[in-house]
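Residue numbers (this note's numbering), protein chains in the order written: chain A, 1 to 473; chain B, 1001 to 1332.
A portion of the hints provided could be inaccurate.
[Stated by the list, open to error] Every beta carbon over 10 angstroms from chain A, so not counted as near; a handful from chain B, in silico:
{"hint": "1", "residue": "GLY1062"}
{"hint": "2", "residue": "LYS1079"}
{"hint": "3", "residue": "HIS1130"}
{"hint": "4", "residue": "CYS1143"}
{"hint": "5", "residue": "GLY1191"}
{"hint": "6", "residue": "GLN1244"}
{"hint": "7", "residue": "PRO1273"}
{"hint": "8", "residue": "SER1284"}
{"hint": "9", "residue": "HIS1311"}
[As the list claims (entries may be wrong)] Just some of the chain A residues that point at chain B, by a computed CB distance under 8 angstroms:
{"hint": "10", "residue": "SER5"}
{"hint": "11", "residue": "GLN189"}
{"hint": "12", "residue": "VAL414"}
{"hint": "13", "residue": "TRP444"}
{"hint": "14", "residue": "LEU449"}
{"hint": "15", "residue": "PHE459"}
[What the hints assert, rightly or not] Covered stretches of chain B (in silico footprint by chain A; criterion: 3 or more residues with CB under 8 angstroms from a CB of chain A, positions within the stretch not fixed):
{"hint": "16", "stretch": "1006-1015"}
{"hint": "17", "stretch": "1024-1033"}
{"hint": "18", "stretch": "1144-1153"}
{"hint": "19", "stretch": "1159-1173"}
Honestly, the hints are just simulated from the structure, not real lab data.
Quick reminder that beta carbons are idealized off the backbone N, C-alpha and C, glycines included.
Here are the chains, one letter per residue:
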Amino acid sequence: MIFNSLSFAIFLLGVLCLHNLPVSWRVKKLNLVLVSYLFYAAWNPPFVALLLITTVVDWKVANAMPRARTLAGRRALLCISLLSNFGLLGFFKYANFLTENFALLMRSLGVDYHAPRLDIVLPVGISFYTFEAMSYTINIYRGTLKPWHSLLDFALFIGFFPRMVAGPIMRAEYFLPQCVEPRAATGKQLGWGLSLLVLGLFEKSVLADGFLAPLVDQAFQSAATAGVVDAWAGMLAFAGQIFFDFSGYSICARGVGLCLGFNLPDNFRFPYAACGFRDFWQRWHITLSTWLRDYLYITLGGNRRGTARTLFNLMAAMLLGGLWHGASWTFVAWGGLHGLYLIGERLWKRWTAGMKMFEGEVAKFAGIVVTFLLVSVAWVPFRSQTFGEAFSMLAGLFGFHGHAPSVLRFNDLVKVAVVMGGTCLLQYLVRDSSLRSVAERMPWWLRGLVLALMIVALFVTPGEDRAFIYFQF
Amino acid sequence: MLPLPEVDGPWLRTWCVALVLAVAALVGYEQLWRSRGFEPDVRDRAELWALQRERAIRAGRGAVVIIGTSRALLGLDPKVMEEVIPERKFFQLAIRGSSPVPVFRDFAADPAFVGDLICELHPMTIFGPHPAEAQPVQWLEFCRHRAWVSDIETWLRIQFQQRLVLEVMEVTPTSLLRNLVEKRRLPVPGGYRLRPDRFMLFEAARVDADRGEAHWLKGLRAMGPPIGEAELARRCEELERCVQRLKARGGRVVFLRMVSSGALYEAEAQAWPRARYWDVLSRSVSMPAVHFKDVPELAGIQCGEGSHLEHRDAQRFTRAFAAELRKRGLFP
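Chain B extracted, bound-state conformation:
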């Protein structure tokens, strides 16, 4: 029989010492960052998105899926939606900086999905010349080809991520090194934090709001000319085709123009005049399209940096929006 390799020494003692030291160091590390204001944060990756999508499919007729951009991700809280409409189960599947159309198309084509959709339409992703579809396409691809064990792994990881600060990306050794070398200071907590249900909490006080607004305005100016009538008609037709497929399975869709404010709202209104874009779209689709300006409870809420709602405002917005849906009898 082949001898097994072994290394002499008191291994039980070695491992006990290693584990005690490791636990002590990890507890210390956790406390250090908690004392500096960090809170647990779940990582927004394809794995979590795929898990949520799977849950939405399994929820059957009771599912209401929120798709859209970061405005929906930060602005529509599924927990609050469920408080107002407890009969339904809400799933947050919006993707930052991306057009919702690939995901909308995918749900429309998937016969396993029999729920309803809230589709947030950011003017830049739906009326802009270059709708950003790369990430949703990539995540959908991941969804299709992921191993069955992936959802179990994601669930296990979330259990750690939602409880431990040391899992936060900003406090990893590489991030620590970057901060120390380049900024000569320790990392500070960011303004965005994801919950396991993929709702993102935003604290405007932790970001530079002026810089944020300048960033969105710069992106808007660099976008190039808006789409013409023909392209708008083509895009509306595509949305309507998806609506029809969902309707055929008994599904419903609500389109939503999320709130934006200040200089950014003005710039968006100038780039895509409502009468020529949003109103055309709302007439082209056979499902309701809610513009935040049309609902006084929504119109009065302001964004933290022009584009996104702070989480307390997001809760107010969600509550008012859910009440509006209820009033219109959309998701009974």
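For reference, chain A alone in the conformation it holds in the complex:
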């Protein structure tokens, strides 16, 4: 069940009614757990067992940890949690990738080994909820969090349906305290929550799927011969598609959470107005970048062990961040490019520190433009099925395919120019703000008008129904 479906609209209506029944808070939470499992079962009912395994294992491990008398005992318990979560993730997401690469390695060493291809269906959202469960156990191991007293609350934390399949990646310390006292949205919160839901659906269904996705498909399908215009339009359109797709999901999740009285963290803050790559990662998929920072980069030593080690840690975190997105070397390459960008930025800042010409508004604007272009270039391997496709597309950007006939029509180019030009301009204008403060500055009638336009656009843009891109991660 995806947010941009009629079945979800009916499901949400039912959940909102159920959540506002005059029953105890405990029963309401139990209802939320059950409807969350139903929501997950809409894809593949047996996979609910994975949610239960993650919930029970991490709950048991976390509760046992404070009772462990030795550090070794605590470490052993942590290992159980990591093995369980990485085991599930590794089997369902990376098994074929690992066996194929092992077979490739063997063949390169002269051993004729062919790996069997396993018919494994990837459970949606597994990368998200396993990371959430691990953050809970790691925090208890580190002593920054105490085991929670209620299994029901913990089950709701792991399974809470609005953000179960594509984030934001929640932290226990953020979510679990919200389960203590009864929560229900006020009229203002409901109004804002539903507005977020409409905005998220508009981003996903109208901008990502309706306007950009078809021409991204066309451009990347003809990557082998893409001319300069097609390659640039395809790349920029994908930059827009991935943003509106993922940001749309996150905004919907926040909106639905708010309608149920829960506060979910912001996952995007106008990322295409970022000035520099550090800034970009503080604005793009914020909950993943903070997860990688807290549990990987800092665990590796962060920036406390000298320049070389800091740069290594940055690269390691980004490469693994790339691999988190999918079992393919093209995702690793995307992470690697971002690692290089972050390293380059650090070195650049060191060299240019104190130089007046690299300060001020003009330099900042130039920084935003350069950041956006390099981030867009990095999306090319991310979108490509193979490195061949990615190199072809990159070659097209620089005109290596000569005067190839264009596969995109003039109106496609108009769409990319309008949608991406408008997006970049809007994000630049409100880059130091938030969605909420933008909405707060609008008069009520303008909010009503914008909502009406988005609702109309949702009805008249019945594009191809696509799942959210981040579901596959």
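Place chain B on chain A using the hints.
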């Protein structure tokens, strides 16, 4: 307790205004396109096909499934079939531009299917060198892996699609933009419209019939040499294997050569002489094979653009074909 974010303002008023404006705009948009001749149209996608296939399975022994190409999709109306043979329930599962063989194979292999089949055989997809199997294979794959909620979602969407013109693909903002930028005019209604039961209504007056016929002829000429005897025998054997599997479960199959007319029929008859292709096939399979030329009521009906029947002719054709089946006692 963490505070919940909220935005100040009269939200009830905001939402009321938004909904009133949205409803007014949508009603206006709907009326605009209706006044320009558009009618509701259901989208022909894997989801709808899978839903129909599921219904055919559930109908048990009473089910008669129509498989084939666009000629069957536009030419055999399940409603009319049911009028003539009310004891049976007909399901339209033909796929445009595709060979019916993957679907035939799938039904033959599926023990849950216990109904009968009408298998339309387009000469190009059965005797041509490159039978187009990609789309049926993809749709069958979708069928196998779809989530259980998919059928509910499809049913809900059809309720809107069959009632609202604003759900028609030609009037979406992207299509509107394409028409305005490239053709400098508003979109005009197309000649094809799908019903929720997957029967496609064709109005030849809304398409360029000469261009359509030229298109089919061009496709025929670009096809390459027709298959030889050995390949024909292999394909017939495969069909017969499927027939035997269906027969083992009490199922029956009728093969049908749909009508084509004019220059296209002549070109097809030249590319695949009946004696060397159709007659060989009809002798190789242990179920009846009906050629439209053999039934006078069918042979007299002409196609809109050489290849497809207009929906009024399709109704005549279906009625005559169903009567022929009844006469032969095929689907009692």
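Worksheet item: Which numbered conditions among the earlier hints are violated in the structure presented, ordered from lowest to highest?
Response: Going through the list in order, the structure violates no hint and respects every one.
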